[in-house]
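Participant: For reference, the chains in residue letters:
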Amino acid sequence: MANHKVTRTREFVKGLWDENAVLVSLLGLCPVLAVTNSAINGLAMGLATTFVLFSSSTIISILRKLIPHQVRIAGFIVIIATFVTIADRFLAAFYPDISDALGPYVPLIVVNCLILGRQEAFSSKNPLGRSMLDALGVGTGFIGVLVVLGSIRELLGSGSVLNFTLLGDWFAPWMVMILPPGAFLTLGFLIALSNWINERRAEA
Amino acid sequence: MNLILIFISAAIVNNFVLSYFLGICPFVGVSKQLSSAVSMGMAVTFVMTIAAAVTWLIYHLILVPFQVVILEYVAFILVIASLVQLVEMFIRKVSKPLYDTLGIYLPLITTNCAILGLALFATLREYGFIESVVYGVGAGAGFTLALVMMAGIREQLELADVPKHFQGAGITMIVAGSLALAFMGFAGLLSV
Chain A
0 MANHKVTRTR EFVKGLWDEN AVLVSLLGLC PVLAVTNSAI NGLAMGLATT
50 FVLFSSSTII SILRKLIPHQ VRIAGFIVII ATFVTIADRF LAAFYPDISD
100 ALGPYVPLIV VNCLILGRQE AFSSKNPLGR SMLDALGVGT GFIGVLVVLG
150 SIRELLGSGS VLNFTLLGDW FAPWMVMILP PGAFLTLGFL IALSNWINER
200 RAEA
Chain B
0 MNLILIFISA AIVNNFVLSY FLGICPFVGV SKQLSSAVSM GMAVTFVMTI
50 AAAVTWLIYH LILVPFQVVI LEYVAFILVI ASLVQLVEMF IRKVSKPLYD
100 TLGIYLPLIT TNCAILGLAL FATLREYGFI ESVVYGVGAG AGFTLALVMM
150 AGIREQLELA DVPKHFQGAG ITMIVAGSLA LAFMGFAGLL SV
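Taken in sequence, the protein lines are chains A and B.
Heads up: the first sequence begins at 0 in numbering that gives the first Met the number 0, then just goes up one per residue.
Heads up: the second sequence begins at 0 in numbering that gives the first Met the number 0, then just goes up one per residue.
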């Protein structure tokens with residue numbers, strides 16, 4: 000059961016770093032690697048995922064006593080898929096460029112284990128307010144990683160961040176960074192960096 | 000000829016794991032041992048092939064005629080989830096040894112994004128029925144290939160002196176990056 004000694008602020012903050020879904024739990028890696036070839040794509044993907052996470056956490060937390068235990072996973076997935084369809088249609092209608100760039104990775108939010116994981120581990124057991132805070136925290140942590148990863152890859156791969164050119168003509172873009180290998184390598188270094196920071200913090 | 004191209008494209012050139020980043024969770028989670036990697040690969044290939052056929056039928060015989068393509072994602076994920084359950088029950092009844100090998104990996108496959116990704120890509124590319132099935136087999140073979148290679152490398156890695164902060168997930172990503180780099184050599188081999 001939920002530990003109510005945990006403060007509400009803590010429910011939000013823990014998702015940002017200590018229990019960061021990507022760097023610590025290694026959840027939801029597919030979109031993290033696939034769409035971070037530029038900062039703007041990462042940001043869009045992060046926002047879409049957070050929207051789906053927040054909405055489905057809200058609904059599932061409200062319905063948590065009504066959903067029978069045996070079919071809960073199927074129930075969660077249908078709720079998640081509904082919000083993903085909303086997000087997908089919204090992007091296609093208002094931001095067609097981003098929708099094209101993200102392609103099938105928007106519908107793939109359905110099977111993002113980060114979202115299902117939060118429902119199973121948190122929203123289905125906790126009251127509404129806490130579930131919403133938890134979803135926002137985890138979502139913000141996810142956006143953070145996507146934007147950092149997207150910025151690094153865009154900077155090294157195209158010499159710009161958010162389409163603003165930062166590195167001048169002297170810089171020969173590392174094409175590999177915006178291709179698949181760059182995603183794996185950058186994430187590997189980010190995870191190592193976060194381990195290093197955690198160790199420094201533990202020592203301090 | 001076209002079918003062979005689709006197979007090679009799905010298995011090697013556009014490898015699901017290394018160039019589409021689909022199925023990363025099992026790729027990282029189940030690649031510690033060679034034997035379990037082989038079983039997982041077989042289970043995924045099996046489900047992918049059936050899923051490719053079933054989702055094609057659902058899309059073209061139900062969603063399109065009734066003009067409810069908007070329900071695509073909901074329908075696909077439900078079909079895949081129940082399919083995995085069915086396959087699990089079927090294997091348990093028919094072949095006990097096969098169930099013992101694949102058993103624990105089957106439920107995990109529901110949330111394997113490679114399966115849903117396969118269904119979505121096949122729809123997006125407007126493949127016919129046979130093409131979709133071949134695409135499913137090819138994607139499964141590619142997944143197995145990547146998983147087995149990764150497991151082989153990670154078994155060797157156990158003996159290697161990895162820098163402290165890279166141990167675990169970090170070095171796994173770096174190895175995956177090197178594999179992806181190697182697979183990029185196949186890019187341009189063919190375009191399907």
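Hints in this document: simulated from the structure, not taken from any laboratory.
In this text, all values refer to a predicted model and were calculated from it rather than measured experimentally.
Some hints here could point you the wrong way.
Said to hold, decoys possible - Here are a few chain A residues that face chain B, going by a calculated C-beta distance under 10 Å:
1) Val34
2) Thr57
3) Thr84
4) Ser150
5) Ala171
6) Ile177
7) Pro179
8) Leu184
9) Ala191
Said to hold, decoys possible - Not close to chain A: a few residues of chain B, all C-beta gaps over 12 Å, as computed:
10) Ile23
11) Pro64
12) Glu71
To be verified - Covered by chain B, according to a simulated footprint, are these stretches of chain A (three or more residues, beta-carbon under 8 Å):
13) 69 to 77
14) 126 to 134
15) 140 to 148
Where is the CB? At the ideal position from N, CA and C, for every residue including glycine.
Participant: Enumerate the violated hints, using their earlier numbering and listing them in ascending order.
Facilitator: Checked against the structure, the hints that fail are numbers 2, 4, 5, 6, 10, 12, 14 and 15, while the rest are satisfied.
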